[in-house]
Every structure is written in structure tokens, then in C-alpha cells.
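A.B. asks: What follows is each chain in one-letter form.
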Amino acid sequence: MTEERGPVGEVSGAGWVTRFRRRAPALSYTLALWLGTELLAALLLPAIVPKHIALSWYLGEHARWATGIILDVHDTSFTVYDSLTGWRNRPGSSGGRWQIDSLGSRSTHRLHETKTRPRRLLFLGSSLTNGGDRVSAVETISAYCEDSLTESVNCATMLYSLDQVALAYRGSLHRLGADVVVVGTSAAPEEGLTNRYLPFFAHSEVLMPFFKPRFLLDGDSLRLVPVPTREQWRAMFHSSAMLDTLTRDEGFLDRFESYRRLGLMPLTASLRQALTTASKLSLLLTGRRDALPLAERLMRMLADDAAGHGAKVVFMLLPARRFAFPTGLWRLLPDHYADLLARLRREGFVVLDGRDLLRRSGLPPDRLYSDGNHFQPEGNRLIAAGLRELLDPAGGATLAGVARAGRAR
Amino acid sequence: MSFASPTFLLFIVPVFLAYWWLRGRWRLLLLLAANYAFYAWWDRRLVWVLLVSTVINFVCGGRIERSATPRAKRAWLSVSLAASLGLLAWFKYHGFFAESLLAAAGALGWRLSPLAIKVVLPLGISYYTFQMLTYTLDIHRGVMKPTRSLPAFAAYASFFPHVVAGPITRAQQLIPQLEQGARFDFEHLEVGSRRILLGLFKKVFVADTLAQHLVNPVFAAPAQYSAATLGLALAGYAIQVYADFSGYSSMAIGVARLLGLKLPENFKFPYLALNIAEFWRRWHITLSRWLRDYLWWSLAKNIPFGGSLRVRLRSHAALLVVFLVCGLWHGAAWTFVAWGALHGCYIVAYEIWHRWRDARSARSPVPHWAGIAAAWVTTQAALALSWVLFRADGFGAFAAYLRGLFTGSGSQTLALAPLVWVALLALPADHFAGWLLEHHPQVRRRVPAFVQAVTYLAMIVFLFHARPEQLSPFIYFRF
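Residue numbers (the numbering used here), protein chains in the order written: chain A, 1 to 409; chain B, 1 to 479.
What the hints contain is simulated information worked out from the structure, not anything from laboratory work. Here the structure is a predicted model, which is why all the values come from computation and not from measurement. Glycine included, C-beta positions come from ideal geometry on N, C-alpha and C. Some clues are possibly wrong.
Not everything, but these chain A residues come out facing chain B in the computed CB check (under 8 Å) [claimed, not checked]:
1) GLY15
2) ARG19
3) ARG23
4) PRO25
5) LEU27
6) TYR29
7) THR30
8) THR37
9) MET265
10) PHE349
Use the sequences and the hints to build the structure in full.
C.D. replies: Shown next, in the form of C-alpha cells:
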């Protein structure tokens, strides 16, 4: 068959594949080679590359460095290894707008183990409650709850989930003699409860590549899977043994496994990203919450422990901005927040409705949130006012008054 | 929506498919819609500036052609120049001149009340103003005919690959291509993809790696660092600014080529230059040619030929004016004016030296290779000095950097990761390839397609793994 060349040199009469190969030889080879390499990588790399090497790639150099920092109790760390909870605030550490006292608390004044005012509130939870670096110590929820009769101890710790909160209270914090234990949680209190190695759950937190304990729910009883020892933890990047043990009880190991198979080449990595997004979206749409019974069990355990020490527990539901003030497609999602609130109250827990407080204030979201999750001082002030109303309905500043003052500011 | 962002992929794929599916006027209208969508994505508040400028220049172009007398033609050209440059002056230079005036008045002891108007700079205004002016100027000169199609002119003026940061494409280069309509050829895909990949590699890996790990930390606190580190960071900046801008230009040319349209080259391995004039023939070529053809030529056409001192002085003054404008075009700040003036002085010095050398009949005692090496080193040293000024936030920062560089007062050094060294070495590799292609153009044809494919795939995988966590904005976007 003879070929005729068209005015631009293309092979007329030939199929588009032939024309593509003739007119774009390097591109056609590149695409074929690329697809073949992606396929080979997905099939062979998980078998060839040891898990701990893949982990180094997955987390990067910062994570290796940060692992050493926490295990060796470096001066610059703000957390230390804890055999019960995985990590805790390092007493005496400071940086930016944040300072931790000798009790491991971020409080506004010098505290002692025994209370110095008639009522002591103990705040537990994650950075949402702690306040993080976005607000100063006097602008936290705990600080706004203080007055001449009430003192607050803010022991909330970065990235703590409910199981760590319960263990921390049971382990040592009950000694602080709080009258009320205030536990801040996101709109998904079950978040992270099936996780053991934090980066598998929160990959972006490469500076906190920590192990945490987890509970397994066996019927109605709880079984604790403890934190690995320092030596086991340190060996993460040198041997695959620790990673092998995680196959038994790490709820997010599939994320790492999918990285090993699909994350090392651009096309499959994009596919993996799309699948992850689709899976998160389907969870949001269906509202499936497999770990919620575990969360409720832990909340019950905490409430019982507190009652044993003469304290009562208040759970603060602190919704992310997209749940409190949904925009765009978020508005179309079912209201899982309301379902959760109703369910927890039905179970007999005392729950503060953070979303209602924020919405009723009439303040714009930018005044309340500093990012998608954390609060501005104004948001903390409102939550604190709601909490004070809940604890002491008869006295003090009312929520309406605080909201009015906020709008005036 | 930067070319280097994943969002751009979501934009270009449907535009590409629809573009080749449609024909004639519909294709042009699609392109126009895509252009404005792309521009509005950055900042929709100032789309009207682009629109107004487009309509004025389109009308003026037609009027210049239809006017019967030279005077009327000049009048319509003046309208085009006044409107385009007026918008540019208001949006880009209003604040600069107002602040400078206040500072000068304050220094003289006069108190003027500040004009409290904050003006937002429309993205790409320096580029699209210069681009549109080529239309009316070329019609006035009689080197092109005006287009009858407003969509074609508007698509040219707002063409998304070049509207934000060039290459500054002349109307006569692009409008005929748009009117004629491109014919699909897989070669467009091959060339376009290659240019986009090379551009991405330069921008995302070379420029951003150097910026984040070497240039930004050192330029932020030059007093702390040793002279060697400052020198390395300066070299890093020279490479970064080249990789950033030439990477963007390469991507722009590649994206246009995917649509079957050819944009002019903007860079030609500038650090191979052996003198400053050659540098400007290799660096930001479309701007330097614009300044040469439309500004320098206007200034120099009345200067008679000859070698008298007066004539030479006028010629040198014209060059200085051109480079002052070049500096001011880059940014509304005195450091950019000084940068332009410095390059103007370089060019004048080179012209004087060149004339003096040519006048000497005696053969130079210096070996040829040594002469080339000396010319290259001198040119690069002069460029390095000018890059400090280009990067500095003010004259204080410029002086502080030079003080550290020449006195070595600081002692801190940077432990550079291997990737940073790879990024630094990418420039010699790029320029060696450039030298090879300039002197042996048959090399590209001799490289088998398979070997090219392996190289491209290696670049893709390397880019995927070695890309910095965050993309820096393109340096030339702010101009």
C-alpha cells in the first residue's frame, strides 16, 4: 500500500493510530512507555520495595527527624513520648503564643495540683480545645470560663482522639481534682479511634509521626492495644517488623498499602487520589460511622471514671466550619451533625451544641474561625459563654450578651 | 490558575477537545470564552480593563487604516497610545509616582496631602498593553492590515497562554493564524507536550527548589551568611529567574501549540551570551525586540549616521532611555528603574568598547579562547550584580547583600540537599544542550524517538517525586 502525504505531512488514508505514531513518534513512545511502567510499578513495586523503605518515601525526611525529636526529648519538642497515651504536652515547653506549665497544662496562671478556687474545670481534647498557636492562652475556651470562683486547667493536646483523652484522665489527670471534665470533640468523635500510627490517618501531620493506643470493642467490653515501646517505635524506619504487626489492628493501613501499590507513579497516584476523594465523599453522603459505638463506649467509660472521682463530664461538639456554615455543595449533604447530637443526648450524655452557639451569634464565619477547623478568640468566647450557661444557668454572662458584645466589636 | 497547577489540567483538557471539535467562527468564539474565563479566574474585578483596552485598540486600528490623511492617522494612533498607556500608567504607576512625589516634596520641606486611592493592578496589563499596541503601531506603519473580525482581535488580545506573562506576541504574528484557523496535526501535540514538560520541569523543579531551599532563606537575611553562600545564592537566583520565566514561556508556547498556534520564542540560552547586547538578544526576546522596534527606533530615527561625538551621545542617550523604560516596565519601583539604568550603562559601555576595539587595527595579543572566557566572565559578573538589584526589596537590601558578598561579614552556611545541587546543575545541562542545538542542529533529528521518550518519562517521574511541597508564584506575573 502506498502512502500519500497531506499538505502538513500527515499520512492520509491511514488510521489515527498510525498517523499519531508517524507524526508524534516521541509522544507515542512516551505514552506507551509511561502506561507500561505504571502497570509494572503497580504490580512489582509492592513485592520488591520493603515496607519500611516505602514508609520513608511515604512520610519524607521531616517525619524521620520528628520521630527522633519526640523519642529523644529534644528541647525544641512540644510533646514527649508517653507509654499510655502515645504523647503528651511537654511540661515547660513554649513557642510562639503557647506555653505549657509543669502540669502539662496551657493555663493562664500558675496552677497547683489541688484546686485554689471553689470550682475547677479540666479541659481535655485536641487542638480545637487547646487553642493551638492561633490564639493566646487568655483567648482559649478554658480561659474565657474562668472567674473568681472558677479555675480552668487546659490539658488538651494536639491531635488527641477520644481514646487518648479517656486514658489520660484515667492515668493521671483525675488527680487534678476537677469538678467538671470538659471534653472538646469534633463533629466526628469517632475520628481516629481505629488508628494506631497517626500518619496513616492524618498524612499531612508529618511532624507528628506518632503512635497512639487504641481500643478494640469486643461485645460490650473494651480491650486496649497499647503504644509500642520507644525501641519498637524507633525501629519503624529501619525494619518492617513493626509495620507487619499493624496489619492486625491499624484501621488506616490500607492508605499506606494503596500508596505502596499506586502512590509511586504519577498516573496511578492520581487514580489513588481520586479514589480516596470518592471514598471520603461516599462516607459523607451515606453518613456511615462504623466506629461510633466505640466512641460512645469510650464516652461512657470516661463519664463513669469521672463520676468515680466526683466529677461530671460535659462534651463540647465543636464542628468544622463547613459543617457549621456550609456553602456550595456542602449544603446538599444530610445533616449528620444534628443526628449525632440527638443520638448522644438520647444516650444520656451532657453535650454542648457548638454549632447552635456559633450560628445564633449572628457573627460571620471569618470572625469565628481562623481556618477550616480552629476558632478565632471570638469563637472561643462564644463557646465558653455557652458552656458557662450550661454549667451555671442562673449567673454570669449570658450567651446573648456575649454575642451582642461580639457584634459590637 | 497557574499552568503548573492541577486545576489548569481541568481547564485545558475540555478546551482542547472542544477547540478541535469546533470549526471556524465557533472555534474562535470558544477560544474567546476560554480566554476570558481563564483571565477572570485570576481576578474578575478587572476584566473590564482588558475589555475596554481591546475595544479601543480595535476601533483605532480600523480608523487608522481608513483615515485619508497622515494627520488623521496620527490622531487615531495617539488615541490608541493615550488610552493604552494611560490605563497602564494609572493602574501600574499611579501609586509609585504619587508616593515618589510625596517623598520628594517631604524632602524639600513641602507638605502635600496624600491622594488616598488604592489601585489594584490588573494581571498581565504590561503584557497585553504592549501586545495590543503592536496592532495600531504596525497598521500606522503600514506593515499590517487591520482585521475586520472583533472576535479575532479580542481572542488575540486575551489569548490565555500569553495574556498573563507573555511572550509578547505581535498582532501580525497571531491574528492571521486565528483568522485562518489551525488544522489538526499530531505534531502539534508532540511539540506542545514537549514544551509543556520542559517548562514544568524548569519551573516546578529547578526554579521552585532553588527558591525554597537556597534563594529565599539567604536573601531574607544576607548579613548572617558567608560570602560563599551569598555568591551561591546569587547564582541560584540567576538560575531561578531564568528557569521560572523561560519555564513559563515554554509552557505558554506549548499550550498555544496544542491549539495549533505558534507563539514567538522568548529565550535562547541567555547565559551563553558573551556581551550584554547578546544577552538582550537571548533574554526576554519579545520584550527587547518590542523596545527595539517601537521605542528605540522611534527615538533613533532622527539621529543621523556618523561618528561625531554629538551623534554618539544622542545615540547613547536613546539607549539609556530605552533601558530606563525597560526597567520601569518590570515594576513600579526605583530598584527596577535603577536596574534598567544599570543595563543601559552596560550597553553604552559595551558600545563604546566595541567601537574602540573595532577601531584598533592591530591584532589582539590575547588568545581567542582567553578572550571568549574573559568576555563571558565579565558579562556574567555584570549580570549577577544586576540580579541583586532586581531581587532586592529596596536599595538598603541591595547594599546589605553586596556588603555581605564583598566583606564576608556573616559566617552561616547552608547545608544544601542533593536535590538543590541537581537544580543548580540543571542550568549548565540546559545551556550545553542549547549550545549543541545552536552549533549542531542535526542532533535533535539524530536522537531516536525511543531515547527521547525514555528521557521524557524519566523527567515526568522525577518531577512527580522531587517537586517541592508548595508551588511559588511565577516571578514575572507581578510585572
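A.B. asks: So, for every hint listed, does it hold in this structure?
C.D. replies: Hint by hint, here is what the structure shows:
no., hint, result
1, GLY15, "violated (12 Å)"
2, ARG19, "holds (6 Å)"
3, ARG23, "holds (4 Å)"
4, PRO25, "holds (4 Å)"
5, LEU27, "holds (4 Å)"
6, TYR29, "holds (3 Å)"
7, THR30, "holds (4 Å)"
8, THR37, "holds (7 Å)"
9, MET265, "holds (7 Å)"
10, PHE349, "violated (40 Å)"
Violated hints, listed in ascending order, are 1 and 10; each of the other numbered hints is respected by the structure.
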